[in-house]
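Since chain A is already given, all that's left is putting chains B, C, D, E and F on it; use the hints.
Protein chains: 6
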Amino acid sequence: MKRGINHHQVGDSVETYLLIKSSKKGIASNGKPFLTLQLSDKTGEIEAKLWGIAPEDETTFVSTVIVHIQGDIQDFRGMRQLKIKSIRPTTGMDQVKIAEFLPSAPLDPNDMLDKVIQYIFEMSNPKIQRLTRHLVKKHQEKLLESPAATKNHHEFVSGLIYHVVSMLDLAKSIANLYPSLDKDLLYAGVILHDLGKVRELSGPIVSEYTIEGKLLGHITLMVNEIGEAAKELEIDGEEVLVLQHMVLSHHGKSEWGSPKPPLIKEAEILHMIDNVDAKMNMMDRALEHVMPGEFSERIFPMENRTLYKPSFHEKPLEY
Amino acid sequence: MKRGINHHQVGDSVETYLLIKSSKKGIASNGKPFLTLQLSDKTGEIEAKLWGIAPEDETTFVSTVIVHIQGDIQDFRGMRQLKIKSIRPTTGMDQVKIAEFLPSAPLDPNDMLDKVIQYIFEMSNPKIQRLTRHLVKKHQEKLLESPAATKNHHEFVSGLIYHVVSMLDLAKSIANLYPSLDKDLLYAGVILHDLGKVRELSGPIVSEYTIEGKLLGHITLMVNEIGEAAKELEIDGEEVLVLQHMVLSHHGKSEWGSPKPPLIKEAEILHMIDNVDAKMNMMDRALEHVMPGEFSERIFPMENRTLYKPSFHEKPLEY
Amino acid sequence: MKRGINHHQVGDSVETYLLIKSSKKGIASNGKPFLTLQLSDKTGEIEAKLWGIAPEDETTFVSTVIVHIQGDIQDFRGMRQLKIKSIRPTTGMDQVKIAEFLPSAPLDPNDMLDKVIQYIFEMSNPKIQRLTRHLVKKHQEKLLESPAATKNHHEFVSGLIYHVVSMLDLAKSIANLYPSLDKDLLYAGVILHDLGKVRELSGPIVSEYTIEGKLLGHITLMVNEIGEAAKELEIDGEEVLVLQHMVLSHHGKSEWGSPKPPLIKEAEILHMIDNVDAKMNMMDRALEHVMPGEFSERIFPMENRTLYKPSFHEKPLEY
Amino acid sequence: MKRGINHHQVGDSVETYLLIKSSKKGIASNGKPFLTLQLSDKTGEIEAKLWGIAPEDETTFVSTVIVHIQGDIQDFRGMRQLKIKSIRPTTGMDQVKIAEFLPSAPLDPNDMLDKVIQYIFEMSNPKIQRLTRHLVKKHQEKLLESPAATKNHHEFVSGLIYHVVSMLDLAKSIANLYPSLDKDLLYAGVILHDLGKVRELSGPIVSEYTIEGKLLGHITLMVNEIGEAAKELEIDGEEVLVLQHMVLSHHGKSEWGSPKPPLIKEAEILHMIDNVDAKMNMMDRALEHVMPGEFSERIFPMENRTLYKPSFHEKPLEY
Amino acid sequence: MKRGINHHQVGDSVETYLLIKSSKKGIASNGKPFLTLQLSDKTGEIEAKLWGIAPEDETTFVSTVIVHIQGDIQDFRGMRQLKIKSIRPTTGMDQVKIAEFLPSAPLDPNDMLDKVIQYIFEMSNPKIQRLTRHLVKKHQEKLLESPAATKNHHEFVSGLIYHVVSMLDLAKSIANLYPSLDKDLLYAGVILHDLGKVRELSGPIVSEYTIEGKLLGHITLMVNEIGEAAKELEIDGEEVLVLQHMVLSHHGKSEWGSPKPPLIKEAEILHMIDNVDAKMNMMDRALEHVMPGEFSERIFPMENRTLYKPSFHEKPLEY
Amino acid sequence: MKRGINHHQVGDSVETYLLIKSSKKGIASNGKPFLTLQLSDKTGEIEAKLWGIAPEDETTFVSTVIVHIQGDIQDFRGMRQLKIKSIRPTTGMDQVKIAEFLPSAPLDPNDMLDKVIQYIFEMSNPKIQRLTRHLVKKHQEKLLESPAATKNHHEFVSGLIYHVVSMLDLAKSIANLYPSLDKDLLYAGVILHDLGKVRELSGPIVSEYTIEGKLLGHITLMVNEIGEAAKELEIDGEEVLVLQHMVLSHHGKSEWGSPKPPLIKEAEILHMIDNVDAKMNMMDRALEHVMPGEFSERIFPMENRTLYKPSFHEKPLEY
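Sequence lines, in order, name chains A, B, C, D, E and F. If you use this note's numbering, the first sequence corresponds to residues 733 to 1051, in order. If you use this note's numbering, the second sequence corresponds to residues 733 to 1051, in order. If you use this note's numbering, the third sequence corresponds to residues 733 to 1051, in order. If you use this note's numbering, the fourth sequence corresponds to residues 733 to 1051, in order. If you use this note's numbering, the fifth sequence corresponds to residues 733 to 1051, in order. If you use this note's numbering, the sixth sequence corresponds to residues 733 to 1051, in order.
Everything labelled a hint here was simulated from the structure, so no lab data went into it. Some hints could be false.
Any copy will do: because identical chains look the same in the list, a pair fits if it lies in one copy or spans two.
No more than 25 Å apart at the CA atoms, straight line, and that leaves these computed lysine-lysine pairs for DSS-like [to be verified]:
1) 781 x 829
2) 883 x 774
3) 815 x 781
4) 963 x 883
Computed from a predicted structure; not experimentally measured.
The following block holds chain A by itself, in its conformation from the complex:
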């Protein structure tokens, strides 16, 4: 996979591994069933049709399966499409891993987890420290790979922990400038604020909302967990309530999903840090391939604005 599927042109022949992101059955005009496959690697996605399928193909070529494929890139109504010549599901022999086929955070998840744990070590309030440590440990496995969202920002493998680590560094530098801030609270708030997403979202490959995600949401799920953790760890004291409030209020306004607005200084700052990091991520990606003197695509979650790259800024490296 030297080049990646996104770099192939119409007319190229390809032989490569690709991940099936979705598979949908249709009936052709000749009455025979076929599959529309959405195939991806780290660089992007391409559509392919698998014609004249047998019944067993429907259960073989499903979402999250990695396939080995041979075919040609064609033009179909202005879109690239992969014409399949041969396709087979991979086995252990192929030695391929899903993570290699999905866009992911630029840092190693385990290094990021180490950094989170380092921040936890720095806390001086033992109640906050124990609660945070407990919840990180409980969800550690999923935290390593969960995206931070299904779209808009940090919607890639390990996006959640990447978002947390960026926010921790931001929190540290802001707390150094405004020493009245309680660092323990702020770090714990950063680490826990979106941790409920490991239950709200179905996972890194096909990221969808779970039923409890839709009916309760990641905020309520994590507020509940903080309460349960305190019971389990037999931690009393206002720290529990305050941490629950930090998570509950981090969307800032009831219209944005927080039934209570931030009523503690660190909660307000947590909301702002979250906002800064999410928008930096959106803006950097929107401008990634934009030439100086030109405008980006519209960014929906930023009021549909289109950003300008000043003509005195540098060209993107890989253009």
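Coordinates of chains B, C, D, E and F only, in the frame set by chain A:
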């Protein structure tokens, strides 16, 4: 207390028991301390000044104390005021109870609780039944006397259970008309939707928001409790999640404090029933003393509207 | 019409009666005119092309005509289409009625009218009774078949009277629970609130807004009619004004089309009952074919929400 | 009434006629009843206390009575107050008329009515002409003296007809610039748009909302009257509907009280002309006494703005 | 160009001059490049495909080039399309001018400019006069041909000056009715309010936003220019500030792009006049081809309303 | 001024210097003029009445004069008031300076200016550097003492430069974390964003809006100045436009006073940094004197929230 403090005119002399709702110290222009007492019985409130107090008076005449008082009703800048001639705190000998000095629901709290329990018995889903029973039992004592709000509607002793019982009857008659409704869910939702208020509000006498009430709110508190109850009772299954959603969404919109809107039919109906009962209560009280052909005072939580009593309607009985 | 057009698959041959809902002329690439027909029966709709038409066909195959048709169900770009082999307009000989080709209320319109009249008989205020009786009589014929809306809820034949009857039962049960309500007013409000729709909408087959419907709307039209009826019946007294206000305010807010908000208790309750019945209708239909554990389609007039059917609820019968 | 009550200083003795705008009974600290009178002439208002009243005084000195009064202007907590030495109600002998005691339009009401009738004569569509003529005649007496509002703009005697005449001249000049406008419609819309205020408001002296004004509002009242007038005059045709729409939509948006927005060109222009004339009136009065280089008081119905008078503009004449 | 491209039917052969409004390269299914041309004359636009192009064609047939073309009008999926038989770019020999191929104002631009200058001559405040004269002169050339917008209203050649002239006549007639208005300010405000559009928009042929138009907007651009002009002309005094405010506030509200609302009477009137003229233009065009008794297309910038032409109005001439 | 006026109790006698913040003439009930003085030092304010004044006193005891005063602190309706025994204006002999009587930033203004200049030195884009340097120099004197607002945040002497310096440090630490940010742009945006306040506000002592502040606002004023500076310095290039956009858009939304939203990444970040620093300042001050476990006063510009200080936080030092 034949007549009640609200029925005395300027010029009357009174000798009666009254409850201190609040007590606030001030310094007179002669430099001496005094107390401004807000005194109440079931019929209303009156202000009194206690001049020239001794230090121990500050700790004697405090909120929730019932006092025996002699004095005259005077006019002070257009308001009635009680000029105190003698005042003493009551003891067991006086045989007076706080409940007699506060406005309260028109039904007996224990009868209402029996009715709630009757509705629980009618449930056929055992998980919903056990969860609801458990939580009612846990908060039974406070449920008997808690108001449903600090103002606007059902803001009196036992207001919460009175609101619940009215809603249960309403739920029953609606469910009979629309048989697709799940009565178990609807009844459980009615019973639990505001139960968190026993923790959000400080109690029936001086009803204020508690700290956890302000930082988390009654909705989040009860959602948490449902989860904890399920753990304790070892109840699994989607009923837990669905009940949590019923409580979470009963304010209807995120702007009104529900981070998720109702996504289950019974949750939407719960929201509507809550609305009907709360508004009926507000409207009945606003119109209570209004003569036919006249308008009520403005009702703040109903967009500040003033209601009209048609001239062909009857006069209030006790006018 | 044993099965209904909606139950035919691609490949089926059909011979049946269908109603033309709309007919639109086009010019084919060979320069010849053709008609695009939208055909329906109670179960649904299907599109058909009538190629190579003669001039008289344009006036024969028009909206509201019932045709006898033979043809095959084909696939056209993923949609079912009816390929016409033979088509003829029906005559009296065919003994078919439009009502059989349109979705309609589940109760008999005449039974529903009897129920409305029964409610009118129960009124004790003679002015309200006479006004209501007069207006129902005046529009009786159209009331029997009018839909309650062009879309969203009760948008079927006799939908209006079905909506009224459901609301009357709801009004009765609520008035029994809150005896301070004036039943006469409430029933009259329910019966008249949407009666202007018989003038606002063009009728049950092709339900569109009339010009007076667009320029004045059903609320203003009925408020005017109440005034005219009172003149005609020589009824004086505030009942006229109050009934006009009930109709005027039943949308609840000026943003929703009521220039005055409800200022009478029964007007507020009318608004709420209308809301409950409309939403129950929308929700029941959205969930009709949804399996337990799954979500419905989005419901546009309910803030585009998608509803969840709990997994412990029953499967739809006819799935 | 050479000077007017507003021009008297503290310390002056006055002997003059004044109109009682309101009269309110109170009980003095000595237990005796007194009246608080709000007295006015064209220049303004002053408060007076009538102490030690006899029972018959309560029914003599009531709202809309003109009194002859002798007294002194005093200062009471920073406000001017009239200390009454003698007071008596006037009789026919005094030859005083209410109109002389109220602020009023700068033109003669009968001249303005002549102008309105002249505009009606210029109409060429006989249906529009007859409807307009009929309704003006019906309400002619009240139209001559009604204010256009209880506050904000044209809230003085004959304010309504003054507003109409200004708008007619504005309509004429705009219609001359945009000849596609239908002058008949526009003039009729101007004349009828606020005519319902003669029923919505209680009259020129104590201008309050009537019950039908509160429950239906001037827009709905006039829309009804146009319909009734058409029946009475046996006028058919779309002109009736279109005129009703003009009145119905003239507030421009449902939030502002028009259940339908303007859907006819002349209706949109009517809304704009209304806006221009109302705001010119507000702005002129707000700036009347402002010196160049200074700001006016806040104007509530103009989003609470305060207007600036440029320093190169002229000083107000009478400063 | 007797008839214009908009009046040709499918099947016609045409030989005419047309302006290329846009040209976009595509790759056909046979792998060869082609151009999609959007061609226009004063009457409208048509699409054409230029197949099998040579590399030099890509730079020849570009936006703003006038071509001589022969071809046939065909139907392509319900849209008219021009099948090109021969095409060549024009030269000086063809004696064609771009202005002839674009919709434009119904008056001669130079006559309109004379009228603007006439209004400037009528001003009596020399500072306002000189500033206005200077800025008109500076942008005179572009003012003659600039549209007033890219869409919605006056979006044609010379649309800006046409809009200004209409508003000046409107301003004059309003100022005559309300003599308290400062005509100099009002006229200057009208002339300058949208003059920044000559920099905000790229020009009359392909009207797009410039970079400074997007980053600052026409309001800020013109406010800056007024300041610079005052420096250059060495004009002091509040007139400069007041004129800047007139331009700054003419959108009326911050949500509509004016950081300050109108705080001067003439600024408020300017905002209203702008609104009247823009809406008259939109409404006249929306109704141009509508038959009496029918509704127009939806007008997006007027809250998406559709306007009704009363059935007693006249038919459009050219229908 | 060891203690400061805010620390004196009712009953204290004082002899001290105080600054007159405002002086207002009134007429006493005995007809004699008096002055109501608002007096302040760094710690707070107190009211005093100067009775029986001579005409020259009105011009002596005016705003911004420092007086030497002897008197007693009294209680007047629950407020402290200073009863004046003797008062005289100060002269050079008193050696008192206004700055000593006003709340001010905690850092030395000249040190802060040095820091700003240091940041300018670090810029590498010479155009941005020169423009920023020029404008800082031009307004240097006022920048040293101007507040950042009339209320809400940084509303003290040198509040503007204090706000700028805090934001610069914040900008630096954020830019270090997100290296894609253009530091030059960000620093220049921070330094210039509120610099227009030196013209919008009247100055540090009696901080009111100037006329140009009200009619144009600080944003428009500074955008104009950047343009003028570029002309003067003969700087071309997009840097000018981009800097103008940075200032123009820094309020984030049109409703908040920015006619264009941020369309450049650094502009968005500038808006966020401004928000963080302003809110930290508001929150720190609101919580300054709050005890752990208690709530602050309501903070109006933060949606009227009241902040909670967790009970595990420390007590304020000086309580």
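Hint check:
1. 781 x 829: within (24 Å within a copy, 47 Å between copies)
2. 883 x 774: within (16 Å within a copy, 41 Å between copies)
3. 815 x 781: within (7 Å within a copy, 27 Å between copies)
4. 963 x 883: neither (35 Å within a copy, 34 Å between copies)
Hint check: a violation occurs at hint 4 only; the rest are consistent with the structure.
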